[in-house]
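Kindly generate the complete structure, drawing on both the sequences and the hints.
Here our numbering runs 53 ahead of the position in the sequence shown, where the first position is 1.
Fair warning: there could be bad hints in the mix.
Simulated restraints, written as ranges between beta carbons of each label pair [claimed, not checked]: (1) ARG430 - VAL197: 25 to 35 angstroms; (2) VAL250 - THR167: 31 to 41 angstroms; (3) ALA165 - ILE420: 54 to 64 angstroms; (4) ALA397 - SER84: 32 to 42 angstroms; (5) GLY164 - VAL197: 37 to 47 angstroms; (6) ALA267 - ARG247: 42 to 52 angstroms; (7) ILE304 - THR90: 46 to 56 angstroms; (8) SER389 - GLY121: 50 to 60 angstroms.
If you're looking for bench data, these hints aren't it; they were derived computationally from the structure. Since the model is a prediction, treat every value here as computed from it, not as a measurement. Built from N, CA and C at the ideal position, the CB exists for glycine as well.
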Amino acid sequence: MQKRQIPASGGLTYGGTSRNEMGMTQAPSSSRPLRVTRAPAPLAGTVAVPGDKSISHRALMFSALAEGETRIIGLLEGEDVLRTADAMRALGAHITRDENGRWHVRGRGLGALTEPSDVLDMGNSGTAARLLSGILASHGMMSVMTGDASLRRRPMKRVTDPLAGTGATFLAREGGRLPLAIQGNATPAPLDYRLPVASAQVKSAVLLAGLNAAGETRVEEPVPTRDHTENMLRHFGAQVAVEETPEGGRIIRLQGKPHLIARDVTVPGDPSSAAFVLVAALLVAGSDVVISNVGLNPLRTGLFTTLREMGARLDITNERTEGGEPVGDLHVQASSLQAVDVPAERAPSMIDEYPILAVAAGFATGISRFRGVEELRVKESDRLASTVALLEKNGVRTKVDGDDLIIYGTQGAIPGGGTVETHMDHRLAMSASILGLVAENPVEIDDTAFIDTSFPGYFPLLNSLGAGFAA
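Set out below in structure tokens:
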């Protein structure tokens, strides 16, 4: 196997959006349509994907709430995370990036954030907006939060409804949509909340609000979701206890008013970003690829389990622990995939990976069923509808049965030839690009500019393996 070590992009120009050396927004991006044709040769080499987005958001937020200076190594420098950095600066944290790509955050201390002088623009990041709502609700200040056209369409009531129990008040558009005005409460009440549906974002928002509340905050989730918030809270010195429920869920208890102390954070490679490289290597004939330093948190690896059930030749090597999170290298080889039936309870561990899994299922042999994927309807786009459109326009039959998605595999012969409307959804755009690498006819993508919100250097990285994108 040919070895080419390609690091994740370290530049500060993403999605057509330029930034100064502090990482602050200077100019908006323009659209970038793309025509994708079949990969000219097998993919081969060793690459490292950018840092985990979920961990990167939390590292910036928690270090801003801690006392002292935190050094963050491997921060994802995509637009979504840089918006979080901008927001935490606006709230009083001192954040810089050194010449070696390390980020330094001098925190304000819990309860000591300052009122922002302007609107907080979260761009396209639902994670940033929802988690930050918990922080803002529990500080005695007035703030206004907005986002791009896609984020302004996404519902916030699932977060603002429980957060209102702290004593904070919210003013939003119909359906709780951004722009959102928040009058925080300097003496917030602790919350006791049971999530109606599994959501790591809602769980995290409630826990973040509980940091500045005297007493115990309790969150019960029906199905375990990614636990980066719990892990990082412990890393910074908070007391967090987790217990399993008889029904298979979890109860998380947080003791309020902890003394958060700055701690260095090393961010592993994002498994959600690795998913696109992984599926590309599985589908392009003859491929043999290693993806190094990928986060292996068991609440994030549902896709890896599912692909193995489909017959993927996927090995995990060099397993280790970094910064409290399991990490390893993925060795993947082109494989003949079979249809899969994905249980609903696996959805929280792979919620962002369904569009690219749908591409794999479209390429596979047999009829696949993804059960209980209703959460896809409230992502950057209606991801369920958008994923169906992506497949159908390129010759893959689908059916939506309630909250289940059924995909009729083409036995390795996706016709392609369609135009994909991405609706400003980066994961949909990347999924369409991978489908184009194996489709029989070229695939048109209406816009790829916003891919860099989560995966800076996406096209150069895949081209280093031999993908042949014209981007």
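Hints violated by the structure (numbers, ascending)
5 and 6
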